[in-house]
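Chemist: Since chain A is already given, all that's left is putting chain B on it; use the hints.
Line order of the protein sequences matches chains A and B. Numbering follows this note's numbering, with no gaps: position 136 of the first sequence is 136. Numbering follows this note's numbering, with no gaps: position 229 of the second sequence is 229.
No lab work stands behind these hints: they were computed from the structure. Glycine is no exception: its CB is placed at the ideal position from the N, C-alpha and C atoms. Mixed in with the good hints, there may be bad ones.
Quick list of in silico lysine-lysine cross-link-like pairs, BS3-like style, CA-CA up to 27 Å [what the hints assert, rightly or not]:
1. B:Lys79 with A:Lys47
2. B:Lys123 with A:Lys175
3. A:Lys175 with B:Lys309
4. A:Lys325 with B:Lys79
5. B:Lys44 with A:Lys47
6. A:Lys175 with B:Lys44
7. B:Lys184 with A:Lys160
8. B:Lys44 with B:Lys184
9. A:Lys50 with B:Lys44
Pulled a few chain B residues facing chain A out of the computed Cβ check, cut under 7 Å [unchecked claim]:
10. Ser77
11. Lys79
12. Gly86
13. Ala88
14. Glu89
15. Ala91
16. Gln94
17. Ser98
18. Leu99
19. Ser102
20. Lys202
21. Thr206
22. Gln210
23. Leu211
24. Asp213
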Amino acid sequence: MSRFEPRRFLLGLAAPVLALLVAVLVTSLILVITGDPVADVWSQMLKAPKPGQATDMINNAVVLYFSAIAVAIGFRMNLFNIGVDGQYRVAAFAAAAVGGQALLPGPLNIVLILLVAMATGALWAGIAAWLKVTRGVSEVISTIMLNSIATGVVAWLLAKVAAEQSAGSNDIGTKRLPDSSHLDGFVLLAGTQKKVYGLIVLAVVVGFLYWFVINRTRFGYDLRATGRSESAAVASGVNVKRMVLSSMLLSGAVAGMVGLPLLLGENYNYGTDFQAGLGFSGIAIALIGRNNAIGIALGALLWSYLDKQAVTLPIATDVDDSIVKIIQGVMVLAVVIAYEVVRRLGKRIEQQQVTRELAAQDRQPVAEGASA
Amino acid sequence: MRRALTMTVVATTLTLGLAACGSDSDTGSGGSGTGTGKGGGALKVGMAYDVGGRGDQSFNDSAAKGLDKAKSELGVSAKESEANTGEAESAREQRLQSLVDSGYTTIVAIGFAYAKSVGKVAKANPDVKFAIIDDASDDSKGDNVEQITFAEQEGSYLVGAAAALKTKTNHIGFVGGVQTPLIKKFEAGYLAGAKKVKPSIKIDSTYLTQLPDVSGFADPAKGKTAADGQFQAGADIVYHAAGGSGAGVFNAAKAAGANHWAIGVDSDQALTADPSVRSLILTSMVKNVNVGVYDFIKSVKDGSFKAGKREFALKDGGVGVATTGGHIDDIKTKLDPLREQIISGSIKVPTTP
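Okay, chain A solo, but in the shape it has when bound:
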């Protein structure tokens, strides 16, 4: 396990590359059928982004990374937390509402915002977990329902706490965070004034903790064991209900962080223009990234790159940006199939190898015997 196996590594790489190729192929086919300029689209999609755009791309990937990690925590345990979308919106709203009150000075307020966001996200996910543990309600159903409920609850509460808006504006939102609670980040790429979200640091920390907890702790072992086979886990003394509850709460807490880079580094309040739908992209990225901390980072960057290029595409080529959604959708479907194909392929290669080795062992004693 610990030694580096080149074949394993190559097989791991084969699946996403295969999926990307399939996505490109299918998309090209659609472009040909609709009579759109295939070459123009790809040359625009592959055009190197300008430093400002690249910075936005990284920022977007940071946000998506939190979302995908939240989903991946559930996936590792065979729990499908489809509710990251609702969890992050409720959490971002609560954090913005509390943060806007400026109860604590500067950096402490940021800590408070972080804690409120994590607690709210965990609480919202906890409802689904509680329903599953006590009533056996499938988390797929309950989290989807809770997404809708989140929309309603946030809308209702936002109308209650909405701050006085500037004259002539149609947006409503929570009170703006005090300047001392902004985390504007730092300039990472030369040639642009745009800053990378300060919370990129938190993303790296969360990624590391995710890897560490899942792979290097007793809790992570139990979690993976429960995900692989619940009955085996029970037999080895794992309290499955407690695992469901704690992994769902963890997933929700990470989901709570999704909106924070936007809140602290871009919008400074929660309003009608707050970005929606990030939870669903997280599911896709967790699948593409194979629930692996590094894989998810690459997946988030790829997803973000596609999103980014999609905005410019209709302006540069007159091809609708929906084509990028087709690329993303096909990629997700292809990646699931590709992983299964590659898994079976790997298994077959392994079997053949074992057979060969066994055959070699079988032959050897005979040879020795003959020489004796």
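Modeler: Relative to chain A, chain B alone:
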């Protein structure tokens, strides 16, 4: 095998989820502004539509009409792009910046969602002229920005008066798409106009959704439910300011039977709505976004562009009342004096109900 199956289920759910929420997307703006001043030849206009884009039979289409007129009469060339639901702030910025980068130096942003992005991109590209529709806040203010708004309350006042004159049950209704300050302007004018004519009139008001849920602008089922309720409670005329949900209001009027009417909004909906309901549309409160768009492009073309707020009111033809179908011809003599008084300023129409 079971593993593969569950993964496929997840992937499918996910694809559906993505489709349902119209994708998230986001991105950002190219910070480096290459605001190339003027093209030597024709004026190049970049249009950034709100969600729905050209073809929504309502708000965006009205803007598109203004652009089409500018194309044919002023010979401008144009590039059009539209917003996605729930997209990131940086996506809107990037859209505007990409238009600028492609050489489109006269930019029209349709809808208040662009307020902040227009403000930022306008600052980064001082040589480019911007217009934003429906926002007059400090967010979008700039030395190269014209903030275009409409006096929706004035047009709504007139259709409110028309409804009060036409009702047989002394009971009318209002259906707003999303409860925003903008839609409240419609409601405020409608209430004031109706009460001016008949102080004792009963008026029901319903909003389909609350912010930040903007689905009330695009959900005919919700529109029908709300209007059904008002018709059943005894109203016989319902005015909607609910964008795409208005189709449901028209269907409700049809289902309510004879002598039940609906009032359209933004465009002359007796011409643009589904043919089966056109005969039930008493009149429409027309908001001529096209006039605002065309005037802005023309002002850039002939060098008379002026930054700042500009409201298109009844007197500029920015808003008005449609007469298609002839259903309100008989009360024209009563509406005209009201119109004159609004234009002269002797009637001040409130903007909040």
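Chemist: State the violated hints by number, sorted upward, taking the hints as numbered earlier in the document.
Modeler: 6, 8, 10, 20, 21
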